[in-house]
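Heads up: the sequence lines are chains A and B, in that order. Per the numbering used here, residue 1 is the first one in the first sequence, and the count goes up by one each step. Per the numbering used here, residue 155 is the first one in the second sequence, and the count goes up by one each step.
Keep in mind the hints are simulated off the structure, nothing from the lab. Fair warning: this is a prediction, and the values are worked out from it, not measured in the lab. Be a bit skeptical, because a hint or two may be false.
[What the hints assert, rightly or not] Computed list of chain A residues with no C-beta within reach of chain B, every gap over 12 Å: (1) Ala19; (2) Glu37; (3) Arg138.
[Stated by the list, open to error] Now the in silico label distances, taken between C-beta atoms and shown as ranges: (4) B:Pro363 with A:Glu37: 28 to 38 Å; (5) A:Val65 with B:His184: 24 to 34 Å; (6) B:Lys166 with A:Ile40: 26 to 36 Å; (7) A:Glu20 with B:Arg183: 28 to 38 Å; (8) B:Gly436 with A:Glu37: 39 to 49 Å.
Even for Gly, the Cβ is constructed at its ideal location relative to N, Cα and C.
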Amino acid sequence: MIETLERLIGEHPFFNGMAEQHLRFVAGCAKNIRFDEGQIIFREGDEADQFYFIREGLIAVELVVPPRGFTTLQTLGAGEMLGWSWLLPPYRWQFGARALEQTHALAFDGKCLRNKCEQDHDLGYEILKRFTHVISERLDTTRLQLLDLYGTHA
Amino acid sequence: MAPMLEQWTPAKISADPMLPVPYRIKRVRHETKDTFTFDLDPVGDGREFRYAPGQFNMLYAFGIGEVPISISGSDGAMIRHTTRAVGTVTNAMRNLKRGAVLGVRGPFGTWWPVKEAAGCDVVIAAGGIGLAPLRSALYEIMEHRDHYRRVTLLYGARTPEDILYRRELEQWRGKFDLDVFVTVDRAMGDWRGMVGVVTKLVSRAPFDPASVVAMMCGPEVMMRFTMMELRKRGVETERIYLSMERNMKCAVGFCGHCMYGPLFVCKDGPVFRFDRIAPIFGVAEV
Chain A
1 MIETLERLIG EHPFFNGMAE QHLRFVAGCA KNIRFDEGQI IFREGDEADQ FYFIREGLIA
61 VELVVPPRGF TTLQTLGAGE MLGWSWLLPP YRWQFGARAL EQTHALAFDG KCLRNKCEQD
121 HDLGYEILKR FTHVISERLD TTRLQLLDLY GTHA
Chain B
155 MAPMLEQWTP AKISADPMLP VPYRIKRVRH ETKDTFTFDL DPVGDGREFR YAPGQFNMLY
215 AFGIGEVPIS ISGSDGAMIR HTTRAVGTVT NAMRNLKRGA VLGVRGPFGT WWPVKEAAGC
275 DVVIAAGGIG LAPLRSALYE IMEHRDHYRR VTLLYGARTP EDILYRRELE QWRGKFDLDV
335 FVTVDRAMGD WRGMVGVVTK LVSRAPFDPA SVVAMMCGPE VMMRFTMMEL RKRGVETERI
395 YLSMERNMKC AVGFCGHCMY GPLFVCKDGP VFRFDRIAPI FGVAEV
């Protein structure tokens, strides 16, 4: 089982070039998971103890905006990563997430990985480098969204 | 890249490119809150309207002014234009009803490499009203679908309410030989589709970077970032085409209003192969 997960994880671009012993560590914190359409994955303010790599499907990152209700800030699909609040205190989700269609993902135990990263700083640095890349991409696309490119005054 | 299947020369509506020819609005369709489509028929007998996807006409609202509008389609003598109401002329046009008459000059400019893309994967990336000049290219490709390999449409709009050609997009989505990805920059609760910038969709598009032809139209920043994503996937600049927008007045390269570095957008464009404009693309002073 772990071997299969190791292979799946190793094939994901996020883990490209990661040392084998680190991949084994990471695989030890991972499991396959499925979300049904409409299923809440996590809610804003809940403890952030996991993160996900989406293998197939579509997930909305959302926020309740009174009085508008649930507002989707961004959707994430196959090959993308969901969640980094597990990395930073207070380890609470800043936003909610919901599956918009049936979604298959790899779920990683954030607490477990965090502890491993504390023990093995080489692994911690590898993980942080990779998450920084994802966070930077997310920031870039958010900046583009903020430009309101298609607005009347664009 | 595959050789050009046939050479094509656009035929002007009028022998004098500065002389508008009267066209009557046959049908008006309001696509979104600020975009509308006119089907225009020539007043009196008209010849078949011949153009290449990517070209534009100058539409003249009598007594108000003239604007360059890309050609979204045609059927015999009928010409279809989708326009966004953003200025004095286009806002006046939005209020025109069936039967009103407009002046038309054209077609002008360069076109999408639809013929040259034969034998290749095709990626069409459009943002907002940028789908209008690509619509006719997509139809041309779909009409000769067996000439192409994988065909993908990436489309981004501001909100779900701003999605252009919604009904056609649904039809295109239903085709097995066309991959359609639509995203919006912002959405409320009942939208079940993608949210995020259109540039992100490039990573999802199925294509071979070595044999793809990419065509894009939209706000310049959107094109700049889409370009970067295409380059990240290994697409060479000579495989990327984009439609530029500048203040076009005469449409024949006389007045200089649309100068873009050493080029005239009206005559040398609006469709450019990217490597030809790469040194000036995104330069603030140009």
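These are the hints, each one checked on the structure:
1. Ala19: holds, 25 Å
2. Glu37: Nearest chain B Cβ is 9 Å from Glu37 (chain A), so the label is violated.
3. Arg138: Arg138 (chain A) is in fact no farther than 12 Å from some Cβ atom of chain B, at 9 Å.
4. B:Pro363 with A:Glu37: 28 to 38 Å: Because 33 Å falls inside the window, the suggested range holds.
5. A:Val65 with B:His184: 24 to 34 Å: holds, 29 Å
6. B:Lys166 with A:Ile40: 26 to 36 Å: Between Lys166 (chain B) and Ile40 (chain A), where Cβ atoms are some 60 Å apart, the hint is violated.
7. A:Glu20 with B:Arg183: 28 to 38 Å: At 60 Å between Cβs, range violated.
8. B:Gly436 with A:Glu37: 39 to 49 Å: Since the Cβ atoms of Gly436 (chain B) and Glu37 (chain A) sit about 41 Å apart, the hinted range of 39 to 49 Å holds.
Of the numbered hints listed earlier, those contradicted by the structure are 2, 3, 6, 7.
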